[in-house]
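Given only the sequences and the hints, what does the whole structure look like? Please build it.
Listed below are the residues making up each chain.
2 protein chains.
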Amino acid sequence: MSARRPLIAFQGELGAFSQQAARQLCGPDVEVLPCTRFEDIFGCVKSGRAAGAIVPIENTLAGSVHENYDHLVNFELPIVAETSVRIVHNLIAPKGVKFSQIKRAFSHPVALNQCLDFFAKNPQIEKTPFYDTAGSVKMITEEGLTDAAAIASSVAAEIYGAHILRRSIESDRQNFTRFFLLRTSDHARRHPLRAAAHTQWKTSLVFSTRNIPGALFRALSAFALRDLNLIKIESRPLRGKPWEYLFYLDFLGRADSPVAVNALNHLRELADFLRILGCYPKGA
Amino acid sequence: MSARRPLIAFQGELGAFSQQAARQLCGPDVEVLPCTRFEDIFGCVKSGRAAGAIVPIENTLAGSVHENYDHLVNFELPIVAETSVRIVHNLIAPKGVKFSQIKRAFSHPVALNQCLDFFAKNPQIEKTPFYDTAGSVKMITEEGLTDAAAIASSVAAEIYGAHILRRSIESDRQNFTRFFLLRTSDHARRHPLRAAAHTQWKTSLVFSTRNIPGALFRALSAFALRDLNLIKIESRPLRGKPWEYLFYLDFLGRADSPVAVNALNHLRELADFLRILGCYPKGA
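Respectively, the protein sequence lines represent chains A and B. If you're matching positions, the first sequence starts at 1 in the numbering used here and goes up one per residue. If you're matching positions, the second sequence starts at 1 in the numbering used here and goes up one per residue.
These aren't lab readings, by the way, just hints derived from the structure by calculation. Certain hints may be false.
Copies of the same chain look alike in the list, so a pair counts if it fits in one copy or across any two.
[Said to hold, decoys possible] Subject to a maximum C-alpha distance of 20 Å in a straight line, what follows is the list of computed EDC-like cross-link-like pairs (lysine to aspartate or glutamate):
(1) Lys121 x Glu39
(2) Lys98 x Glu244
(3) Lys127 x Asp40
(4) Lys121 x Asp227
(5) Lys282 x Glu244
Written out as structure tokens, the structure is:
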């Protein structure tokens, strides 16, 4: 692994929306390592094969990715940055292919379903399910199909040398995915985050309480009584453990500020379990 | 529409997991109306084409379905029941086809990805993306494929006259989806819910506050100070409206009990917006 160009692992094919998040967080020349499963990307960072990982954590239409919260808790890789990617779907074809030639559009069914208005207006184009958004661009260009397009990100069009026939064909533009950049604890220690004085910080944590009625209210008092701003709160029932809940909570502030240290000590008194997932500059 | 067999709308093909939820809530002989989009099922009930609808609202791995929360607010169809379905994936083939013949398995990519351990153990079977889990069973049986299987629910196998080669091939068994049964307000008024005296009730609501630090804490005081048990709380940032949040909240109790009426009046004082989505017997 070259020290100059650290590899960043993500889930999906080259050209996935995660790669766009990697560029936003690590620069346009970031070198990436595509993986099959979410678990694999955590494993790659833990084993040192990759220097960091990009994970999607929530989507404005589809909600929080609980699986990645579980991996954050189990692998103990700190969050060091966040970013948000607008999910823009483009109709992409091999170079030289015109819109009038397109009879089929390949993509992941979730992406196809997010473009139903486009398909209603263009009934000559058949929705064709494929394994992956970016993978469908790879396939149509490798096979040199002349009657087919793919639906994917603009990064995928660029990577596979295809061209965009129609931009932003998704029905709902309020479709954003929030991504975290993770590093090893060791890397995070050696490269403490620095940011301009006016930067706002966020801290993400997971905690559990045994019983909800008063418990959550009291847990939140640790923040409310210190005027700490909550950005996100979400409960998740623990299957097979009735009345036990995990809570995901983000607050505005650095975890090492005096007021946050006091709030977290207060929360530790009240919670059965508490894990700080990371402290990072608030994304744009 | 026959008064005897009310139609229940759901999203997906016949044999989808939503149909299993419909059976759990309305009996094994429920007549169903498959729709393409979530929005369509709400429209079908609103227009009277269907007597009710089944909607998935959250999944233990994938989180809350924000889109359906939005439709619940916009269409004002009350929740009258809830149920939980364990997502069991089965390898299904046309009758007479044996496991040793299978070279490809069709299904929705999300389902294929939830069976990666099975594919790792059976490398001779190729994962093949298809539009829909139940739709892939329909396709392999209609085409009479002899080298292909589908991955879907047992209901799908039954509906399309196929047989199950391997049961429960999903990697993670902690995969449950929670579904709501919706009716028109008029239907809900004419058929008030009755249940045994020991039945526990749940009330679901959505509210918003402008500013989080003290506001959420104060909002929760409406419940905590009255010992009402919260079952779920989730914040959702409103895009384009910084510092405005929607909260989904479920509490244990009937919305028309004296203590809940007081709590809801208290919450109304504190919230910018409050909508009761329904009150229904707690699912098993």
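Original post:
Which hints, by number, does the structure contradict?
Top reply: 2 and 4
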